[in-house]
Amino acid sequence: MEALVASAIGMMTAAGVYLMLRQRTFPVIVGLTLLTYAVNVFLFTSGRLATNMPAIYGEGAPGYSDPLPQALVLTAIVISFGMTAVIVMMALGAFLESGHDKVDMNDDDAPVDGGQK
Amino acid sequence: MSLALIAALPFLGALLPGLMIRAGKNACALVTGSVTALALLMLGLNAPAVLRGEVVQTRIEWIPSLGLNANFFLDGLGLLFAGLILGIGLLIILYARFYLAKSDPMGQFYTYLMLFQGAMVGIVLSDNILLLLVFWELTSLSSFLLIGYWKHLPEGRQGARMALTVTGGGGLAMIAGMLILGNIVGSYDLSVILENKEAIQSSDWYLPALILILLGAFTKSAQFPFHFWLPHAMAAPTPVSAYLHSATMVKAGLFLMARMWPVLSGTPEWFYIVATTGLITMVMAAKIALFKDDLKALLAFSTVSHLGLITMLLGFGTPAAATVAVFHIINHATFKAALFMSAGIVDHEAHTRDLKRLGGLRTLMPITFTIVTIASLSMAGIPPLNGFLSKELMLESASQTAWMANPWLLGVLATIGALFSVAYSFRFIAHAFLGPVREDYPSKPHDPGFGLWAAPALLAGLVILIGLMPMLTASWLVNAAASAVTGEVVAVKITHWHGLYAPALWMSLAAIGGGLLLMGLHPRLMALWNATPRPDAKRIFDGMVEPFAALAGRIANTLHDGALTRYIAIGTLAIAAVSYYAFDTGSHAVGTRDLMPVHPVPALGWLALVLATVAIVIYHRQRLLTLVLVGIVGLMVSVSFAYFSAPDLALTQISVEVATIILMLLALNFLPKATPMESSPVRRTWDGAIAVIAGVGIAALAYALMTRDQAFNPISEYHITNSKPGGGGTNIVNVILVDFRGYDTFGEIIVLGIAALVIFALTEALLRAGPANDRLLAWRPDQRRAGDRHPMMLVVATRVMLPIALMVGVFIFLRGHNEPGGGFIAGLIVAIALIMQYMASGFAWTAARQKVDYHALIAMGVLIAAATGIGAWFNGLPFLTSAFGYVTIWPLEEFELATALLFDIGVFLTVLGAVMLALASLSRIGLRAGETVNVQPFDIDPSEGRTLNSGEVR
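Sequence order for the protein chains is A and B. Read in order, the letters of the first sequence correspond to residues 1 to 117 in UniProt numbering. Read in order, the letters of the second sequence correspond to residues 1 to 954 in UniProt numbering.
One chain only, chain B, in its complex shape (with noise of 0.2 Å):
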């Protein structure tokens, strides 16, 4: 369980801090650092037991059909990376803290960032692939959110849609890629797959699924040639650059080659695909980033050559290799995470990031310049950083290992790659914060608070701890890492010194004397760069994306072009016309199943429902005539569903059917009160075409359907049989929507609720000033109104029927579990015998007597409606499940008391809130528009002769 909980946390903590942004930043930080750092705790409690050399397991079945379970698992590589998500994760929540402006939503942003944080723990704790494919997707996505945060940029925006386009696209062909995998192997089981090498490497579909498979991993840690949306997502706030392309996204890529390593490597396809790509993105990005002069963009180009370099160890395909994959994968996080947001501070105290208008920030910022030159030197690889460390490993198998049958090659070519890398780092240094300090800062830079450095500092003493006491620090870690990387029990060996002969020594000193050449001639190679033309990324795969976008945006705007009448004929003729092929390819027998006779009465109900429907098509624009027709129509439904034995629709229908009509009537006095003629006749013709192709295809769907069996046993008839000894109910209907499916009804009633909070928004929204709260105001009645608003004889007759109303309610709602009623109706009732006082006296009057909160209403039915699901759990049964008993009170007879009955109040309480919400937004509308409050309850008393409410107040 604890594994589920861990990838679970982020997920749920997602939803603390839109709640907590009122507390304060300060608080919302708070909550959203200690939810990544309980996370963080579990897996070190879990830590232990795989550094053993355990393999710690949690598995809940989901879909076990499809074979796709909630399994996790978590092994030395889960334990390395989930440790570096949620740590580096941590750090980050604590930066952001700081860094964001007071005018960037926070708790948007640690919202979309522990969404982005479950999904990656997602991916390196699954033990299921296409548990992990879900996840891989929301990382695509939830960076998406994180890269377009700033949406007033349009560099954001553009960015963010170029990585979910690259991301997607890859993620859509691992997708292919694992179903291949899952397919040779016959499970999809990550556990299983890692175990059958010889089933997968000897397949025919080995290739392409490799390939497939490749394609993901290469565009979420952009190698070559998908590199180019990586630079273009620095236009994320800082803290989102540290962690989506320092320790987290970009190496989901390297996880999951990985992760496979097993399986997939070993083999020629895998090194010259893998180790290739590898080395030509290192090599290039390496070059690039010498050349850029926004240091986030130089960070970019670093990233992705360091992504590069690992992705070339990984092809090596040997275990040695790996394991100084693994160990890079450390070491890159902490410097590349530092330098981020050092960078981000020159970013926001210098307010540019622009080396060629930076320079001299050593003597302004000597906290950040420390950091930086730590880092910096580390991903320089000079010694003892941590840095220097994994270079010269990698430099070794480098040299070690042969391309085509050429031993030196590789060598050279790495060596190369890290001679640029030597430049860029001392660039980042040397043209950031040596030199003169200048005058022409856009802003006065200076070292930032605490809260600022203190993430990169810590990350900065782990590159000097690490780099001074590999053995100590980062040994064990390695280990257990590359351990379950290559299945085979690994204890590395880091030393600084490998003596004078190995040949990583001398490829370093070339590197760094390289890189300081190099990093002399910049000026001289920066104006050839410059001179020399090159493709332009974006432009090209604007080039590519744009037809598509343009064809996409035709075929919408053609489908949907803002007219709702196109959409409704569309629709319906696209139904008509699947179901008419459906019909068209099937069997036609008619149906066998008795005809029922017609009687006399309910023909007549039939000629009644049928003219009035005519009649309203007929009478449509004259709006309250058709609102009288709607109502008979209404009523012949509830009493054909009184004939065919369904009183509880019935009494649902026709309590439904009265509320309806009152809110549309309310509704229709501030809308006008006829509908012109506006369309041709031809369009009428048309409409009509595709209303009597509609109303004939669904009358001839129902004559099929009622005059045959069902085909299929229907589950009815275990309703039927366990209604009263399940459930303690006589009314089967009832006992369904309490207790069989009580868990239907409770969605039911929170929907319900949600829609009248959405009238009372949309009200709301309408009285703030703006056109319609001026309409309001200026709005003179279109009718003549009536010589007594509040006709004393409706309110004497409402006032005596008041409480035989709301007895009946209660009637039908104790006896609804085993006679017709239930909470639904009950609720509809009473609402209906209020809305009668509010009508009789006017809506201010009657509310100022009876002071109910709708909204509490509301909120204490769902409330009580889970309170008594919950109820189950403590005698540990499932949410919902529902008890019953006997009891005799003295003088009453032996009566049911259930569960259910609890439910049912919830059930009654929201709906009488709902409607009762619903009439009340209405009529604040009509107060604004000038309707007066009366004084007395009726307008005229005869007993005085005199016409009361004269003092009427607005």
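For reference, chain A alone in the conformation it holds in the complex (with noise of 0.2 Å):
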């Protein structure tokens, strides 16, 4: 099991890794959004895998598993939601902006002698 894990973990990596090296901002933000589901399982997995050992109190229960892993995994799935609210309306507003969605800096974009003296 532990091996399907990581290979999910990395199979997700890999594909968000790959989709945020695309030059639009649609595939950045999917890209973001795979890595953000492979770093999340990844922190998971520090608690080490368990199954049928929920973290909830019950008349035997042969154990518990990790709950420090799933409360920062909790806010980070909540945080990376906020952040990629934010970022889909930084790239709907970059393209109603300049017409285009592109995320690499033309030279036409560029300060003209690099910044101000």
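Treat the hints as calculated values from the structure; they're not laboratory data.
Reference listing, derived: stretches of chain B covered by chain A, where coverage requires no fewer than 3 residues with Cβ under 8 Å from a Cβ of chain A:
{"id": "1", "stretch": "594-608"}
{"id": "2", "stretch": "641-648"}
{"id": "3", "stretch": "651-664"}
{"id": "4", "stretch": "671-679"}
{"id": "5", "stretch": "737-747"}
{"id": "6", "stretch": "818-825"}
Ideal placement from N, C-alpha and C gives every residue a C-beta, glycine not left out.
Please dock the two separately framed chains into a single complex, following the hints provided.
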């Protein structure tokens, strides 16, 4: 099972990085979303894998999975939602402002003398 | 506590001007001033104890393991400096209120000023050299902001950069010196260091430490050869010059030398480095000052000269000379601040401060003339003003000190310095105020209003008072400060008449006579000065800095050329390389943990996830399809959380998933629906290789992690044991969130709220007149629209589901403490239930029926969470300590009530508000793009057999 989880994390990371290297905003956002999944699952696995052992008190529970990574990942999920929402909005704004959705600056966008004196 | 509060007050006060400026400039200045006045008052309350010879202390342990403690102490020296900083700060706040033009952002100015004030007060009150260094660097940074306050002036920006480079560089050297000092003594507490003179001076590291610390002090106090930054910093507004360059920033270096005087002084090294530097600076800068036509440049070089004088006195290493230095610090602050402010008044009224264009202002500006005359005569050292008193004492000290066994050299050079000082002081008065009234001032000058001259007038009054009655007005402060510097009880005796045989008398007379002579010869000397070539400090400085700037620019432009893809590639490869190095040099034992068996259903889930991921990469150009596939991946991740015993995570992930996909769909509506094929096959292969490296690396890391036990005992056991007895809940994850790590969660909901506000602000910016708004107004749908935008089936179904979904939300919320659920998940579920209504009947239609202010929702959430946390204070417990109890209300069973539940309500409201605000923002963009608002909840009513909403409104 560990190999499956690890390979899934690897797949999502690779796909995420590949998409983030594309030149348009939309794939970059999708790539970031995939990378977020990968990172969250990775953090989660730092508590090691366990089935049927939720971190909730119960009569005769055989044991509890590690609650700490779970709590951390829970906040990470919510924060990454906020972050995704902001960059979606930024992508939309950039497209509406400039009329294209490229992520890389052209030479025309760069300041002429590399900044102020 | 009170000392730490005095240092903290200006920093707290820095927050106010930005808010108060909306209430007008007077209110802004008043509030800023009252913060400073309060700090001054608190300092005053401590003064009696200090004057009795006690040392007031405040000790707060911060990072004791590093020797970094927030320790403050107040002795005579600290009292003198803190009093100068806060007192003159108060006058500057008043002066700046009337000096700054309408177009200058005053709130910003006061914020910078207060930051600087706090940093300065921090320096003089610190009892820990590491803390002192922190404040020291803060003064460099805040003075950078102040000097460059007029951002539109290139001189301002360049002057600010130069000041930062020189003083910041010196600060770096000083850090090294201080660390050496702390290492010799074994403590970073100043009060301990000051008691270890022998250990320090006998150490081999004494000389390096001395040189490094002096580098910091000399750069800050503009001593030769680092003096060149000060005149260039005069591009700042005059209140800044008056504050930084008369009383505070440049005195920080002197303060440091005085502070370290007990342990560093008294050696030949100290004498020859410090006294010689001070002497050179004094004479050289006084000479240059005589030939400056710009009033502020004249004052700048005069400041450098007087700083040199004080440095020289400290360098002598005798208690008597150090006492004179302390006295001159007071006197210089009074007359120089008054002169700077007066120069500002002349500039403000006549619109020039060039001596060649001035003259004859005496009758036009009588009040300013009086102030300038008093302060200038004091600067020249004319009896009976305070400048005379300290100058006499200085000449006395110089005449009694031998340099390289030469008994008269110091005396002669000091007299020459004083001579130049007389000359430029008289020149200030004569060339600006005396002579005939001219016709060609850029602006007709007249005396300013009371607000502008009140501060310099007060200082001029002090100049006279200290001059006439030094024993009554100043000796107590000099005694306290000098005792603190020298470590001996000092009882100073200041008189005007030292007797006919005192050498100082004849040196003074020579200086005044020679000064007047120079004044008379000035036109001829000026021609000579202009004819002699001189090194241009700015050109030399630029020549030294430019190559570095160019190199930095080249590196930055290569790595950071504005292409996001390049940063990501570089970042990924760099992390991979470092990780590979760690892997390669580490051990590679195989994990020993028992592996978990693979069951068929989870394996199918894995397959779905992997296939969807691969499909995303293949089909990512079709954006709608990509979103569907992302949904599959997200669903599989949620399911795996559920499978691996994390029900809370599963619930959160799936509800976040829904909200994210809806948001992205809404945005996609306005974005191109397909990604064009742009990159070459080589580029794609290269990108693919980077992606594979990252993927393989992280997979290997995850596998290695999962197959071995934790290297150290995790702290999870504590949470598991104490969840019920300590937090009152059986759901350990939830108890961690709302109780154990409640502070994290509190920060997190604030971040989420800010994210929503950022989205709102972005939308506001887009909808303002501009290219984005034009594009939206001209927007034509690029997809065919559905015949019924608001299908009746969907409308009816969501209406039925709404109460159920709300009930589920409440249920999930309430049980969260004990079973999977809680504020985060409940907030998302309720948000999704509401979003479904919006999807069914359109945003505007629904919003009109459900009037909730999302901003208020976010604010309420954060405030409720904060109030819950603060509630613990009333029980004498730290912020966010939770309490819980069990109650029975008939006919219910016994249930638990916890303050954590209140906190969770805050979380719930913030999450709900944030999601809804993000959605509402997107909907506003839709409305601007011409989306119509429907009158009826759905489009087709079968019972009447007709289409509704025919009269839709824009």
